[in-house]
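S.K.: In case you want the letters, here they are:
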Amino acid sequence: MATEALDTVVVARPREASELKAQRVRAAMWFLVPMLAALAVVAAWPLLRTIYFGFTDTTLNNLYGGEWIGIENYLNWQVLASGAVRWRGILADPAWWGAVRNTVYFAVISVTLETIFGMIVALVLNAEFRGRGFVRAAILIPWAIPTIVSARLWGWMLNDQFGIINDILLKLGIISQKIAWTASSDTAMTAILIVDIWKTTPFMALLILAGLQMVPRDIYEAAKIDGVHPVKTFFQITLPLVRPAVMVAVIFRTLDALRIFDLVYVLTPNSSSTKTMSVIARENLIDFNKFGYGSAQSTLLFMLIAIFVILYIWLGRVNLSGEGSR
Amino acid sequence: MIRYLKWTSFYALVAVIVVIAVFPFYYALVTSFKSGTALFRITYWPERFDISNYVSVLTGRNFPISIWNSIFVATLTVVFALFLAVTASYALSRVQFRGRGLILMTILAVSMFPQIAVLAGVFELVRFLGIFNSPWALILSYTIFTLPFTVWVLTTFMRDLPIEVEEAAIVDGASPWVIITQVFLPLMWPALVTTGLLAFIGAWNEFLFALTFTSSETTRTTPVAIALLSGASEQEVPWGNIMAASVIVTVPLVILVLIFQRKIVAGLTAGGVKG
Amino acid sequence: MAHLELRNVRKAFGAVEVIKGVDLDIRTGEFMVFVGPSGCGKSTLLRLISGLEDITSGDLLFDGVRVNNLAPSKRGIAMVFQSYALYPHMKVYDNMAFGMKLAKASKEETDKRVRDAAKLLQIEPYLDRLPKQLSGGQRQRVAIGRAIVRDPKVFLFDEPLSNLDAALRVATRIEIAKLHESMHNVTMIYVTHDQVEAMTLADRICVLRDGLVEQVGTPIELYEKPQSLFVAGFIGSPKMNFLAEKFADPYKAHTLGVRAEHLKVDSNGAKWKGEVIHSENLGADSYVYVDIGSTEPICVRQHGSSTFHPGDKIGFSPVSDKLIHRFDASGRPLAH
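Protein chains in written order, with the numbering used here: chain A, 265 to 590; chain B, 13 to 287; chain C, 64 to 399.
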């Protein structure tokens with residue numbers, strides 16, 4: 265006879281785990297250790313070393329001759345004979361802050377535009393029309409092309425003398441003389457943005473499309489029967505339902521955008537209006553022989569991204585253990 | 013009337029999207045078939061098919077070698093990562109143990125590292141191991157993004173495999189290793205191929221590590237080779253050659269992506285659309 | 064053969080206790096059915112016996128040996144799953160042979176066992192096919208065949224007929240009953256929520272509710288002598304009629320129970336009278352629902368087609384006073 269009183273009894277955990285459970289957990293450990301060890305070697309250790317180097321004055325030529333200088337790479341000051349205080353270090357380096365500005369500017373603009381354009385493309389692909397497969401294949405092409413190749417393709421198209429973009433714009437009367445897209449500091453960032461948006465919008469479009477396809481068709485049909493205007497349907501029905509997928513795509517893209525290197529290095533080398541944090545860190549590390557200084561810059565970028573990731577996980581409360589899985 | 017307008021504007025939009033997506037590649041093709049002074053005349057349609065750029069690129073020493081290097085490095089990286097990832101993802105998706113969520117979160121976090129953050133540390137490691145300027149430096153460093161990616165995607169796929177089939181295998185006396193190799197792997201072939209392909213593309217495209225850890229033309233990978241293709245002087249950028257090299261590298265990738273597009277999209281969204 | 068004993072077995076998932084102390088003896092060679100409403104813990108109990116879940120506390124013994132910590136494959140059990148759980152990429156033959164292959168049995172021995180089981184279940188023509196080429200009923204037989212090949216001491220069935228359509232369900236049910244007859248001394252434990260399956264297949268039935276055993280007995284015992292209101296209402300179709308308050312008082316009970324098949328329409332001297340609100344005509348029998356002023360309408364069985372229509376006033380009486388069940392306030396039966 266069932267009685268309710270027993271419901272509140274707290275039952276002790278099994279005294280001994282069964283053979284099956286023990287065997288599986290043991291196997292799981294064996295399966296995980298090699299992978300975790302590999303990650304420790306290629307990720308954890310190098311990261312710690314980079315952070316360490318940031319506190320030293322190591323040079324590229326003499327990796328083991330560096331001495332501990334504390335936070336001097338980050339910030340230090342000298343009192344000159346005249347009594348004036350001179351601040352030096354990354355946090356006082358205008359080149360660094362320029363890089364930060366470039367990076368953040370790039371990230372905000374590119375992600376925003378890629379999301380908007382990606383949404384448009386996704387909506388187009390979500391509609392049923394003849395040739396849809398062809399269009400989907402076509403938009404995969406920018407994504408499939410290696411970044412470096414894209415940089416050179418667009419570098420050629422944006423060439424000031426022989427570039428086809430200038431030619432088209434001149435012929436359409438939009439500009440009156442040829443623009444040096446990659447060389448001029450006014451337009452270099454625009455050039456970077458054009459290429460990155462061209463290259464990454466397909467990726468965003470595909471992620472958003474996946475989210476769109478999870479919305480059941482009947483909802484649209486019900487809205488149609490109710491006579492809801494398509495624009496209103498989009499903003500009040502579609503958008504809220506797609507929001508989770510879009511947010512995930514935006515987060516991933518933003519993290520990628522913050523660490524951009526390849527495109528800037530190849531398309532607009534040596535342009536201070538596009539140098540991002542990654543570019544300037546590597547410049548110091550490898551080109552300028554300032555290994556410790558560059559490591560400190562790398563550490564700062566890492567911390568920026570880490571804060572971003574922590575915020576996302578904390579705010580998003582992503583369930584990573586998987587619901588209902590064994 | 014309005015319907016006709018809507019219809020045409022929709023297809024106009026489609027056309028714009030397709031043209032923007034495909035034009036750069038098309039134009040590279042057109043350019044690659046030009047040489048000499050023809051390069052300096054802007055044309056929108058191919059005039060002749062002059063393959064001298066392709067000949068020059070393919071018979072030069074460096075470009076074919078760089079392709080081989082890229083294939084070697086990308087293949088080994090992916091094989092290594094898949095091998096570790098298959099077993100690890102079983103543990104992470106099918107076995108319950110304390111700390112599982114934490115490990116998954118760590119793996120996700122590692123995949124978000126900016127590569128520059130470990131550049132200094134890997135540089136030291138590579139020098140220490142004496143593998144600077146060799147493919148092994150790249151295989152080692154590429155693991156930092158290939159491994160978390162493959163583990164993450166394979167874990168997602170494995171979670172979806174049916175529980176009861178695994179339980180039937182347990183009742184039949186299968187150990188976890190047997191379950192992975194004889195029951196799950198045959199069911200996961202498509203996922204492995206997709207994941208491997210995506211990881212291969214990622215490794216193929218990598219630039220920062222390849223640029224930093226190779227210093228001679230015989231060890232460079234293709235992205236670096238293409239990035240550094242330059243002429244005798246500042247003014248003489250060999251655009252024809254560059255376009256030819258770009259086309260050579262892009263065509264196989266595009267073909268692969270088109271063949272596997274459904275699976276690639278599934279893999280990307282499995283990794284991306286979570287939470 | 065195996066005689067199972069469960070002694071104060073408990074199972075908790077985290078803080079939630081699902082099996083709250085089960086004591087049960089399952090005799091060698093008997094066909095025991097676990098039955099009960101959704102969430103009563105019957106599947107969990109089966110999985111505890113199989114070893115796929117850990118027992119939180121208490122003992123499970125096979126032939127007197129404590130098996131709590133043994134892996135499923137070492138307990139001498141075989142299991143037939145609700146969704147068949149066949150290996151999709153293996154042919155039927157390999158599906159059935161998998162367990163023996165893992166145990167490194169000889170090829171001849173494996174082949175003999177697989178073919179014998181296939182013959183028994185009439186699935187020989189399918190041995191070279193893949194599961195996806197078979198129908199649901201065929202797949203279920205392959206799943207049973209896989210279990211037979213293991214030559215187990217205990218057969219476990221987890222709602223194996225739920226995914227089959229009605230006609231197939233009856234046919235497969237008969238096959239399972241025949242299987243039990245042909246395999247003497249193999250203990251079979253069968254989980255279902257369908258009390259008709261329970262009544263037709265079982266040697267003994269164990270009724271579970273909320274993680275505890277309500278009653279264990281043969282189908283007839285449960286039918287004729289339910290030990291609780293819950294069992295009385297669960298076993299038997301249609302559900303037993305329950306009368307309370309002014310209807311039960313003359314019998315000095317809190318609740319009266321009387322089955323539809325034990326009531327007879329009687330115009331003279333009817334014990335209870337009321338108005339027909341609904342009738343169901345099933346061909347061989349009909350069931351008439353009468354509102355006599357109690358909390359629920361009373362169901363009365365009639366042979367053949369019913370002659371009554373909604374609105375008719377009829378009276379009926381129990382066939383015999385001995386067939387009336389009396390229950391006290393806590394749901395326990397009182398003597399007749």
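It should be emphasised that the hints constitute simulated quantities derived from the structure, not laboratory data.
The reader is advised that the hints may include incorrect statements.
Claimed, not checked - List of simulated lysine-lysine pairs, DSSO-like, C-alpha gap at most 27 Å:
no., chain 1, residue 1, chain 2, residue 2
1, C, Lys288, C, Lys216
2, A, Lys496, B, Lys18
3, C, Lys137, A, Lys285
4, C, Lys182, C, Lys164
Being a predicted model, the structure only gives us computed values, none of them experimental.
S.K.: Are the hints correct? Go through all of them and say.
M.R.: Results of checking the hints against the structure:
1. Taking the CA atoms of Lys288 (chain C) and Lys216 (chain C), the gap is about 31 Å. The hint is violated against a cut of 27 Å.
2. About 17 Å separates the Cα atoms of Lys496 (chain A) and Lys18 (chain B), which keeps this hinted pair within 27 Å; it holds.
3. Note on Lys137 (chain C) and Lys285 (chain A): the hinted pairing holds, with a Cα-Cα distance of about 14 Å set against a maximum of 27 Å.
4. In summary, the hint linking Lys182 (chain C) to Lys164 (chain C) is supported, as the alpha carbons are separated by about 20 Å, within the 27 Å threshold.
In summary, the structure is inconsistent with hint 1 from the numbered list given earlier, while agreeing with all the others.
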